[in-house]
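> The primary structure of each chain is shown beneath.
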Amino acid sequence: MIDLEFSEQQQLLQHTARNFFAAQCPIAKVRSLETSDLGYSDELWKSMAKLDWVGLSYPTELGGAAGSILDLYVLYAEMGRCLAPTPHLASSVIAGETILRGGSEAQRGRLIPEMSRGDLIVAPALTESDGAYGADAVQLVAQADGENGYRLEGAKILVPYAHVAGQLLVAARTGSGPDGVTLFLIEPGAKGVDVEKLGNIANYPLFAVTFDGVAVSRDAIVGPVGAGWATLEPVLDRASVLQCAEIVGAGEAVLDIAVNYAQQREQFGQPVGKFQAVQYLCSDIAIDLHLTSLLARQAAWRLDAGLPHAREVALAKAQASESAQHMVRQAHEVQAGHGFMMETDLQLYTRRAKHWEFNLGDVHHHLDAAVAAL
Amino acid sequence: MIDLEFSEQQQLLQHTARNFFAAQCPIAKVRSLETSDLGYSDELWKSMAKLDWVGLSYPTELGGAAGSILDLYVLYAEMGRCLAPTPHLASSVIAGETILRGGSEAQRGRLIPEMSRGDLIVAPALTESDGAYGADAVQLVAQADGENGYRLEGAKILVPYAHVAGQLLVAARTGSGPDGVTLFLIEPGAKGVDVEKLGNIANYPLFAVTFDGVAVSRDAIVGPVGAGWATLEPVLDRASVLQCAEIVGAGEAVLDIAVNYAQQREQFGQPVGKFQAVQYLCSDIAIDLHLTSLLARQAAWRLDAGLPHAREVALAKAQASESAQHMVRQAHEVQAGHGFMMETDLQLYTRRAKHWEFNLGDVHHHLDAAVAAL
Amino acid sequence: MDIRFTPEQDAWREEVRDFLDAELPPEKAFDVEFDEDEALWEFSHAFTKKVGAKGWLGLNWPTEYGGLGRPPIDRMIMSEEFEAREAPLSGSIGWGLTAGSLLAGGTEEQKQHWLPKLGRMDLHVAEGLSEPAAGSDLASLTTTAKRDGEHWVISGEKTYTTWGTHADWLFTAARSDLTASRHRGITMFLVPLDLPGVSMSPMLNLGGGRQNHTFLDDVRVPHEYMIGEEGGGWHMIMNAFYGGGIHAGHAYYERAFAAVLEHCKQTRRGDGLLIDDPIVRQQLGQLALIAEQLKMLTYESVSNFNNQKPPSFGGAIGVVVSKEARPRFFELCNRIVGPLCQLQEGRFAPMRGQVEAWYRHSYANHAGGTSQVKRMVLATRGLGLPR
Amino acid sequence: MDIRFTPEQDAWREEVRDFLDAELPPEKAFDVEFDEDEALWEFSHAFTKKVGAKGWLGLNWPTEYGGLGRPPIDRMIMSEEFEAREAPLSGSIGWGLTAGSLLAGGTEEQKQHWLPKLGRMDLHVAEGLSEPAAGSDLASLTTTAKRDGEHWVISGEKTYTTWGTHADWLFTAARSDLTASRHRGITMFLVPLDLPGVSMSPMLNLGGGRQNHTFLDDVRVPHEYMIGEEGGGWHMIMNAFYGGGIHAGHAYYERAFAAVLEHCKQTRRGDGLLIDDPIVRQQLGQLALIAEQLKMLTYESVSNFNNQKPPSFGGAIGVVVSKEARPRFFELCNRIVGPLCQLQEGRFAPMRGQVEAWYRHSYANHAGGTSQVKRMVLATRGLGLPR
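Chains A, B, C and D, in that order, are what the protein sequence lines are. In terms of this note's numbering, the first sequence opens at residue 1 and continues consecutively. In terms of this note's numbering, the second sequence opens at residue 375 and continues consecutively. In terms of this note's numbering, the third sequence opens at residue 749 and continues consecutively. In terms of this note's numbering, the fourth sequence opens at residue 1136 and continues consecutively.
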C-alpha cells in the first residue's frame, strides 16, 4: 500500500510539537540562546523530556517512548522549522542509540533512563581534524595499557555539546581497518581531557576535545573492541535521516519567509512575486524541500521497516545537503539586501544550513555512498 | 596595452569569411552535405584553398599565408556560424601543423604545399576505443620490425575524414610513458589498414581505422621516435582554441535563432521574449558564448605571443565545452517543440555541439588540466 | 506511511511480467515516439491490441465503459513494468488523451459508444491539438468548426501531429464559437483521417520520429464525432491531459540508469573501470538521485490518490522536475560515457548507441506545455504568488 | 589584440606596490565592508587619506578638479593591487559614488568645490540612497525635499546606510518635485550627519558589518549642499553608480582562489593531499574558471574604453556574471574545505576562518540592483528582447 502520509498518531505529534515549539521556542528565544553561554535552553530540554521526546525512540522499560524513526522525523521537522536548539541529535540519537545498540546491560541501565529524563547529555566525539567522515577518518589512538585499560591520545573536533556533556562517546582506533574502531565513554572532566569551544557560523555549540594520554578502563568500552564502527554506522544512518528532516522543517520556514516577502515587497510598481525570476527562486525552494521530504521519509520508513536502506539514506542526505545550500541561496536572492540583515530571520536559517549541509556527510560523500550501495 | 579587438586585417578576414560562407555554404547546403557520401564539399574546400585559408597558418614558402592563431580564430568563428563542413581542423591544423613542427624537411616539402592547395587531406588518428584523451590513451602498438620499420597493430576511432585522406597521421606506442609515443604517416590504402564509417550524432565524417600488422618504414615517422606526444601537444592546444572559436561562432548563430524566435513567437498574448524565463534562457546563451569568446581569444593571443598558455587554453576549452552543451539546451527551451523539428536550423547546431563538447578533451579533462597548470 | 505493495499488487505485477514475457521479445522493444520502422510499428499495433484485449488499456476506467475499474496504482505498476522493458505501446492519444477527455467531460452516450472501442484499440488516434501559433498556449487555437446541419465543417492547420501516419483518426480541437472568450467556444472532435479535405505533410523530429503538419480544409465531420459538449473542450482537455491513471515516468530513467551503471561496471577507461572513477561515481550518484526523485513523485501521486488529497503544488511539481531533469539526466550520461557518446551504431558505440539516442530524445520534453509554463503554475497555484 | 601592459603601466603597478609595501602592514589588511573593529577603521581612514594625498582617489578625474587625469586602466591596475592585498580603502561612497555623480551631472561650481575635498578624503560620506521600499527600484523613493529659502527641508527614512557611523556626511536622494514623474523630480544632496533631525539606528548585517536605518526629520540642509541640478538626480545616479574608473573585481576572487589552492596543497584529508583529490581538482578548476571569466570581463571594459566602444550587452554582463558567481564561488570553497568551512577561528579553522567569512559576505551582492534586475537589462537593452 503506497501511503506517504503520517499516521494519525504522528499527525498528533506534529501538531503538538508545532504548537510546543512555537510557544516555547519563538524566534526571539532562538536569537538569545544562540549567544548565551550554554547555547541551548535546559528548561526547554527538560520540557521536551517531560513530553517523552528526549527518549522518544528508547524502549519504554528504560524510560523511553518506543517511538519509530518516523516519529522522530516528525519531531525533527518541527525543531527545524523553529530552529530549536537542543542536543537531541547529538545526545539522544547518536550517543543514546549507540549505547542502546552496543552498550552493556549495565551501561544501558545506568545511562539511558538518565538521558531520557534529560538529566544526562552524552556527546559523540567522532570527527577529527581533517573533517573527513567515515570509519577511516577515525585516527585517534587508543593504546592498550596493561590488562584493564587503554590510553587515548589525539583530538576530536566538531564535538557537539561537549560543554554540558556528562559523558563523551569517543570513537578511537584500536586496530587497523574498518574493524579497528572502538567506542569509549569518557567523562569530560577526566584527567588529560581538554574541551575548547570552536566558533562557527551557526554559533552551534561545537568543541574540540583533546585527549592527552587519557586512561580509560575496559568497562568504559561500548560494545566489543573493534566493533565500534559497526555499532555506530546504523545509528549514523538514522541520524542522517533526521538531519534531513530538520532541513525539511527549516526549508518550509524559509519558503514561507521567501513567499511572504515576495507577496508583500513591491518594486517597479508590483509585488516582486509577480516577476517570473522571483517565482523561479521561490519554486526552487519548494521543489528542493519537497524532494528532500519525499526521499527522507522514504529512508525513514525503510529504517523502521527493517528493509535495506543504505542507498535511500545516502540519496536523501545528498539531496538534503544540496537543498540546505540551495534553498537559502535562493531565498537570499528573493530578499536581496533585506535578507542580508541580521534583523531578518532568514540569516538564522542560512547560518545553520551550512552546519547541516556538512553534518553527517556532505553531498559528495553521500552520492558516492549511494553508488557504493548499488 | 589591453585591447581585445581584432586587428584591421583580421576584421577584413572576418568580413570576407562571413560573406564567403554565407554565399558558398548556406544552411541548405550544410543540410545536403551532411547526408552526402563525402560529408563535405571538395569545391568549397578548393575555394577556401584559393583564398589561402587552407594553409592559412603555414609558412609562405610552403604555400601558406603565415597567419597567426588569431587569424585562424577569426576564420573558425565564421565556419562555426555557418556550420561549414570542412576538414580544416583535422587536416590543416592538427595533421598539418604537426608535420610542420615535427616532420623532416622532405616530409614538409612533399606534403605541406599539397595540403595548402587543398589537394591532400591528412587525417589524424589519435583516439582509441575507450575515448580517453592524452598521451596515456595511446595504446596502439608499433612494434619494431627489423632495421627499417615497424608493424602497427590496433585500432583508432573517431578519426575524422579518413575516407578522403591521402595519409593518416597515427599516434602509436613504441615505448612506455609519455615519451613512448611515436607518430607515423600511413596511407589508408596500405595493406592491413581498414577504414569503417562511424555513424554519429553530428553526421560528422568519423571513422574507425584498424591496423592489422601494418608494416611501416622508418621514413614514415614524423619527428623523433618517442617524441610523438611532445610534437602533438602544442598543436592540440592550438586546435582546442580553434574548437572554442568554432563554438563561439555557432553560439552567435544559436543566440540569433533564439532571440529572433523569442521576439516573434507569441503565446498568451505577448511575444515569449517578454517572459522573464525566456529572457533568462536567451541571456544564458549570450553570457556563455561571450565568456567563451573572451577566454578563447585570450588563449589564442597567448599562443601567438609565445607566452605560457596551458592554463588559459584549458580554461577556454572547459568553458567552451560547457557552453556548447548549455547554449543548445537553453535554445531548445526557448524554441520548445519547434526546436525539436528537423526542419528548424537549431538541431543542426545541437547535434554538432555534442561533437565539439567532447572533441579535444571534455570539460573534466580541461578543468583538471587547468589545475595541473597552476 | 507505507511504501510497500500489497500481495494483490505484487501478484498483478507478476501477471504483467508474465504477459510481457510471453508477448514481447526483447528485440521488439522500441520507443514508439522515435522510431518509424514499419515492421516494428506493425508489431506495436498488434501488441497494443493484445494489451487492449486484456482490458488493460482501460484498466482504470469504470467497468460500464469496457474498463476494469482498477485503481491508479495498478496502472502505475503496469506502467513500471512496461517502461522497464521499453514496451512499444502505441496509440496513447486514443486510450489516453481521448479517453481521458471523454471520462472528464463526455456525455453518457459518447462514453458508451467510444470508450470500449478505444480500450480495444479499434481506433488508432493521432494528436491534433497543437497549432502553429498555439503550443503551450492552447487556448489561442484558430482552427474553426462551423455547424452545418448534422455536420461540422472544420478548417485550420494543426502541427506536431504525432503518429499521424500510423493513425486513422485525429483527436482535435476547434473553435466552434468565434464570439466566445478564449477558453470557451472550443469543441473537441474525432476526425477520420480519410475524410476529404484532410492532408498531411511530414515534420521529422530530432528524436528520429515523424510528426506532421495536418491541414483541415473544410472537412465535413458528422456531429456524432463531436466529443464532449459543444464549447466544453478547454475544460475537458485541462482535466484529461494524458489522463488514464498514473504513469511511471521514473521507470524510463531507472532503465537508462541501470544500463549506464552496467556500462560503467564493464568498461575500462585508462587504468581502471569507469565505476571506480570518483567523478563518474558522483555523476552516477546524480543520475540515481534524479531517478529516485521521480519515483517518489510518482509514488506521491499514488499516495495522494489513495488519501484523496489534491496533487501537490497545483499538480505542477512532478511535471516541472521531470521536464527539467530530462536534458540534465542525459547530458550526465553523455559525460560519463565520454566522447563515445556521440556514436550511434557499430561495435564502438557504447550501449548500442542508446546514449546518443536518449540525448536527442531528451529535447522532446514540451508536450503538455513547457517547464516554464509549469513553473508559473507551481508558483501561482502552488505557492500563491501573484499572477 | 593585446593583453599586455605597457612598460609605463608596469611601472605604475610597481609604484602602487611600493606604496602598499610601505603603508599597509599585512595585519592591517581587512574588508571595510564587514569589519567594525575601531582600531582597524582608524587605520583605514588614515591609510585612505594617504592614498588621497597622492591623488590616487581621484586618479581618473580631470586635473582641474584635483584629479590626475589618468586613464581607467591605471585605476584598474591600482585596484588589482589593492584587492590583492585586501587594502582597507574606505569612503568609496564619497570619492566613488558622490564624485562620480558630480562628474556626471554636477555644475562647474559644484565640481570645483567638492571634488578636491572628496579626492583628499576630507569628507567621509555614507550611502543614503536606498529606502525601505526603494531598493533595486530606486525611482520609487519617497524621502522629500522642500525648498525653504536658502535651505532644503528633507524628511524621510533611509536604509542600508553603509558606513553611517564612520562618516560625517550622507549622500542622499530626495523627491524635490512631487508632481513630476517617477524618474524626474529627484534631487541629490550631501547632508552633514550632525545636523538636527538626523538620527540613526543600527542594522547589523550577516557579513559582520554595520549598516543603519537613517531617519531624516525635517533636516534643514543649505542649498549649497545640493549636488547636480534640481530634479536631475536620477540621470546622475544612473550614470555614476560606483563610477570612478574600472574596478578590478576579479582580483578579489583571485586572492581567494590563491588562498584555497594553497590550502589544498598543504592539507591532507584521508590518504592524500586535497590537491590530489579528483573531485577537489574539478572544483578548483571551476574556481579558476570563474576568476578568469571575471578578469577577462574587467579587461574587456578596459579594452572597450580604449577603443571607445560601448559596454557589452548594455553594460550588464559583467554585473550579472559577478553577482551570480559570488555565492557559487564561495559555496565551492566550502565544499572543497569540507565541514571545517563552518569554523570561524582557532587552530582548527582552515585559512584562519576566511572561508567561513567569505561565504557570509557572498550574500551581500545586491548593491546597485539585484542580478535579476541586471538580467532584465541584459535581455532587453543587450539582446533587444521586448520589455
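Treat the hints with care, since some could be wrong.
What the hints assert, rightly or not - From chain B, some residues computed to sit far from chain A (all C-beta separations above 12 Å):
#1 Q388
#2 L418
#3 L425
#4 G587
#5 A601
#6 E626
#7 K648
#8 Q650
#9 A651
#10 V652
#11 Q653
#12 H712
Unchecked claim - These stretches of chain B come out as covered by chain D in the derived footprint (C-beta under 8 Å, 3 or more residues):
#13 569 to 577
#14 654 to 666
#15 735 to 744
Everything labelled a hint here was simulated from the structure, so no lab data went into it. A virtual CB, placed ideally from N, CA and C, is assigned to each residue, including glycine.
> Taking the hints in turn, state whether each one holds.
Hints, one by one, checked against the model:
1. Q388: 35 Å, holds
2. L418: About 44 Å separates L418 (chain B) from the closest Cβ of chain A, which puts it past 12 Å; holds.
3. L425: It holds; L425 (chain B) is separated from chain A by about 47 Å at its closest Cβ, greater than 12 Å.
4. G587: 41 Å, holds
5. A601: 40 Å, holds
6. E626: 25 Å, holds
7. K648: 10 Å, violated
8. Q650: 4 Å, violated
9. A651: 5 Å, violated
10. V652: 9 Å, violated
11. Q653: 8 Å, violated
12. H712: Since the minimum Cβ distance to chain A is about 20 Å, H712 (chain B) lies beyond 12 Å and the statement holds.
13. 569 to 577: violated (count 0)
14. 654 to 666: holds (count 7)
15. 735 to 744: holds (count 5)
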